[in-house]
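Asker: With the hints as a guide, bring both chains together as one complex.
For the record, the sequence lines run as chains A and S. For the first sequence, the tail end lands on 115 under the numbering used here, and the numbers increase by one without skipping. For the second sequence, the tail end lands on 113 under the numbering used here, and the numbers increase by one without skipping.
Derived from the structure by calculation, the hints contain no laboratory data. As the structure is a computational prediction, the values presented were derived from the model and not from experiment. Errors might be hidden in some of the hints.
The calculated DSS-like cross-link candidates involving lysine-lysine, where the alpha carbons are at most 27 Å apart (straight line), are [stated by the list, open to error]:
#, chain 1, residue 1, chain 2, residue 2
1, A, Lys-68, A, Lys-49
2, A, Lys-114, S, Lys-40
3, S, Lys-52, S, Lys-18
4, A, Lys-49, S, Lys-36
5, S, Lys-36, S, Lys-19
6, S, Lys-40, S, Lys-19
7, S, Lys-41, S, Lys-22
8, S, Lys-19, S, Lys-52
9, S, Lys-40, S, Lys-52
10, A, Lys-49, S, Lys-40
11, S, Lys-52, S, Lys-22
12, S, Lys-18, S, Lys-41
13, S, Lys-41, A, Lys-49
14, S, Lys-36, S, Lys-18
15, S, Lys-19, A, Lys-114
Each pair of labels, with its calculated beta carbon distance range [to be verified]:
#, chain 1, residue 1, chain 2, residue 2, range
16, A, Ala-29, S, Leu-27, 23 to 33 Å
17, S, Met-15, A, Arg-77, 21 to 31 Å
18, S, Glu-53, A, Asp-54, 29 to 39 Å
For each residue, glycine too, the CB sits at the ideal point set by N, CA and C.
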Amino acid sequence: AQSVTQPDIHITVSEGASLELRCNYSYGATPYLFWYVQSPGQGLQLLLKYFSGDTLVQGIKGFEAEFKRSQSSFNLRKPSVHWSDAAEYFCAVGMIKAAGNKLTFGGGTRVLVKP
Amino acid sequence: ETGVTQTPRHLVMGMTNKKSLKCEQHLGHNAMYWYKQSAKKPLELMFVYNFKEQTENNSVPSRFSPECPNSSHLFLHLHTLQPEDSALYLCASSQGQAYNEQFFGPGTRLTVL
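Bound conformation, chain S alone (with noise of 0.2 Å):
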C-alpha cells in the first residue's frame, strides 16, 4: 500500500450505532488530519495530530472521538450521531511544516440514517 488509505469507503449507520473509521498513511509523516466534507459547504477541518498528539479541535461534537495511537494510524470513532453528520470523511497527512503539502485519502463516505 503506498499513499494514504481509509477505511471502509462507505459506511451506512443508525443513530445509535458505533462505528470507527479507519486511516493510515505510508509516507512517513508526523502529522495527521480528519476533515469532514458536506455538500455546499466547505471542507471543514476537525482534527490535528502531531507526532500522535492532538494539536486541534475544531469544536468538533464529542460523539466524533478521534484516537491516533502512532503516527501511521488515525482512527475517528463515531457514536449516537445525527442524520447531518452525513458526508465525505477525508484523512490527511503531511510532515508538519505549513509548506509542505497534505496528502489526503479517497474518504469514507458516511450515511446516517
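Pulled out of the complex, with its shape left as it was, chain A reads as follows (with noise of 0.2 Å):
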C-alpha cells in the first residue's frame, strides 16, 4: 500500500527567506506526485502535479518541487516566502485505479511566516 510522509509538522519562516517541504513517499511502480495547500477554513488547492517527464516541476503561487526517484522524495520550495503563504501544505501520492482515482495523503506541514 502506498504511504506518505511529510516529516516536520510545522516550519516557521521568515518573510522573505526561502522555504523547503519535504515529502517522501512508498509506492511500488510510477507515482503521482500532488503538493496541495489549505489556508484556515478552506478547502484544498492544487499547487502543483508530477507525473512524467521533467523532474522539477514549476506550479502556482512561485513553489517549486522536484521529483527524486532514488530518495522516493518530492519536495517543494519557494526562493522567498511572502506572509500569504503562511497556510497548511499537503502532499500527496496518486494510485491507479480502474475506477476513480485514489489519493493518499501525508499528515501536512504548517507553515509560519513571521515579519
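Answerer: In C-alpha cells, the structure reads:
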C-alpha cells in the first residue's frame, strides 16, 4: 500500500526567506505526486503535480517541486516566502485504479511566516 | 457557480439528529469523493464514486451514508453521529485518471454535540 510522510509538522520561516517542505512516499509503481495548500477554513488548492517528464515541476504562487526517484522524495520549495504563504501544505500520491482516482495524503506541514 | 461547492458550510447537530451534507461540482468530472479532516489526523478518504457508482468505501461506519444521484451531485447523509465525528468534511471531484488532480470544495465544518 502507498504511503506519504511529511516529516515536519510545523515550520516557521521569516518573510522573504526560502522555504523547503519535505515529502517522502512509498509506492510500488511510478507515482503521481501532488502538492496542495490549505488556508484556514478553506478546502485544498492544487499547487503543482508530477506524473512524467521533467523532474522539476513549476507550480502556482512561485512554488516548485523536484521529484527524486532514488530518494522517493518530492520536496516543495519557494525561494522567497510571503506572509500570504502561511497555510498548511499537503503532499499526496495518486494511485491508478480501475475506477476513480485514489489519493493518499501526508499528515501535512503547517507553515508560519514571521514578519 | 464554478468549481466545487458544499452546503452547508457549518453544521451543529445533536447525536440523535439526521442531517445531510451536499456537494455539487460544475467541472464536468466523473469522479467524486468524500474526505474527513480531523484535527491532528491525516486527511481520510471516506468514499469514492465514479460515474455514480461507489468504488471505494474506506471502512466508514454505517452512520455515514453516501448518495450520488448523478455525476455532478454527492450527498453524505448523517444519523446518530458521535462527538468524535466532529470534523471538516471535504468533497472533491476529478476526471478519474490518477494523474488528474482532485478539485476540492471549501468543506462543511461539522460539530456533533
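Asker: Each hint: holds or not?
Answerer: Hints versus structure:
1. Lys-68/A with Lys-49/A: holds (14 Å)
2. Lys-114/A with Lys-40/S: Distance of about 23 Å is within 27 Å: holds.
3. Lys-52/S with Lys-18/S: OK: Lys-52/S and Lys-18/S at ~23 Å, within 27 Å.
4. Lys-49/A with Lys-36/S: holds (22 Å)
5. Lys-36/S with Lys-19/S: Distance ~16 Å between Lys-36/S and Lys-19/S Cα, so the pair holds.
6. Lys-40/S with Lys-19/S: holds (25 Å)
7. Lys-41/S with Lys-22/S: Roughly 23 Å between the alpha carbons, so the hint for Lys-41/S and Lys-22/S holds.
8. Lys-19/S with Lys-52/S: holds (21 Å)
9. Lys-40/S with Lys-52/S: violated (32 Å)
10. Lys-49/A with Lys-40/S: Between Lys-49/A and Lys-40/S the Cα gap is close to 25 Å, so the pair holds against 27 Å.
11. Lys-52/S with Lys-22/S: Cα-Cα ~15 Å, so holds.
12. Lys-18/S with Lys-41/S: With a Cα-Cα distance of about 25 Å, the restraint between Lys-18/S and Lys-41/S holds, given a limit of 27 Å.
13. Lys-41/S with Lys-49/A: holds (23 Å)
14. Lys-36/S with Lys-18/S: Holds. Lys-36/S to Lys-18/S sits at ~18 Å (cutoff 27 Å).
15. Lys-19/S with Lys-114/A: Distance ~41 Å between Lys-19/S and Lys-114/A Cα, so the pair is violated.
16. Ala-29/A with Leu-27/S: 23 to 33 Å: Holds, at about 27 Å.
17. Met-15/S with Arg-77/A: 21 to 31 Å: violated (46 Å)
18. Glu-53/S with Asp-54/A: 29 to 39 Å: holds (36 Å)
Hints 9, 15 and 17 from the list above are not met by this structure, while the remaining hints are.
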